[in-house]
Amino acid sequence: RKEVEQDPGPFNVPEGATVAFNCTYSNSASQSFFWYRQDCRKEPKLLMSVYSSGNEDGRFTAQLNRASQYISLLIRDSKLSDSATYLCVGDTGRRALTFGSGTRLQVQP
Amino acid sequence: GAGVSQTPSNKVTEKGKYVELRCDPISGHTALYWYRQSLGQGPEFLIYFQGTGAADDSGLPNDRFFAVRPEGSVSTLKIQRTERGDSAVYLCASSLRAWGTEAFFGQGTRLTVV
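Read top to bottom, the protein sequences are chains A and B.
45 is the number that the numbering used here gives to position 45 of the first sequence; each next residue is one higher, with no gaps.
41 is the number that the numbering used here gives to position 41 of the second sequence; each next residue is one higher, with no gaps.
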């Protein structure tokens, strides 16, 4: 079983829609989590960090559920520019960041 | 430049050859990571340096892969006797410190073994 698992998608949504991605992790020692965004043929870039209380940044909300070992990313009012692959990342505190395979989002006009 | 720099951006090599991939991290970042990414997959961890030492090399697939960071800054990933299965994008990232801090990625080296 992979340490970090995501639904690969693609998620095809119209502009203005709300879309949510979930990610599960197997290592209960994971201390912190992140969502990275990766555009086609580009490097991953940090979208937001996710801590125990979760957090919100504009149209983006990330939540952490330690009991069920999953994190989520909610995108409200989707824009065409949100089209990308979203990578769920866990940090066990023992080694480097562990990435999921990514969830592809395609926002359509 | 202020970002992570990787060279070359593209490398085509013949099966069996030796290659070196270079990463120049952000100045002052003590943690440096190498990842490998294949099409449709997330980055796969290879090795992590804290300063000059390899803190975790458990992701290196076999002994053909080796990485160094002799002065705690620039790192080189070395692949001996390349195989077609080594073809991927090799990503380098650095962060101010380990554990829970943002990692900044370079644009990667696209390695093609023919």
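Treat the hints as calculated values from the structure; they're not laboratory data.
Ideal placement from N, C-alpha and C gives every residue a C-beta, glycine not left out.
One should not assume that every hint holds.
[What the hints assert, rightly or not] Mimicking DMTMM-like on lysine to aspartate or glutamate, the simulated pairs with C-alpha atoms at most 20 Å apart in a straight line are:
| id | chain 1 | residue 1 | chain 2 | residue 2 |
| --- | --- | --- | --- | --- |
| 1 | A | K45 | B | D86 |
| 2 | B | K11 | B | E83 |
| 3 | A | K2 | B | D63 |
| 4 | A | K45 | B | E44 |
| 5 | A | K42 | B | E14 |
| 6 | A | K2 | B | D57 |
| 7 | A | K42 | B | D63 |
| 8 | A | K42 | A | E3 |
| 9 | B | K78 | B | D63 |
| 10 | B | K78 | B | D56 |
| 11 | B | K15 | B | D86 |
| 12 | B | K15 | B | D57 |
| 13 | A | K2 | A | D57 |
| 14 | A | K2 | B | E71 |
| 15 | A | K79 | A | D57 |
| 16 | B | K17 | B | D56 |
| 17 | B | K78 | B | D57 |
| 18 | A | K42 | B | E71 |
| 19 | A | K45 | B | D24 |
[Said to hold, decoys possible] Taking beta-carbon pairs under 8 Å as the criterion, some of the chain B residues facing chain A (in silico):
| id | residue |
| --- | --- |
| 20 | E14 |
| 21 | Y18 |
| 22 | V19 |
| 23 | Q41 |
| 24 | F65 |
| 25 | A88 |
| 26 | A103 |
Notebook entry, point to check: Can you give the numbers of the hints that this structure goes against, from lowest to highest?
Noted result: Hint check: 1, 3, 5, 7, 8, 12, 13, 14, 16, 18, 20, 21, 22, 24 and 25 fail, others pass.
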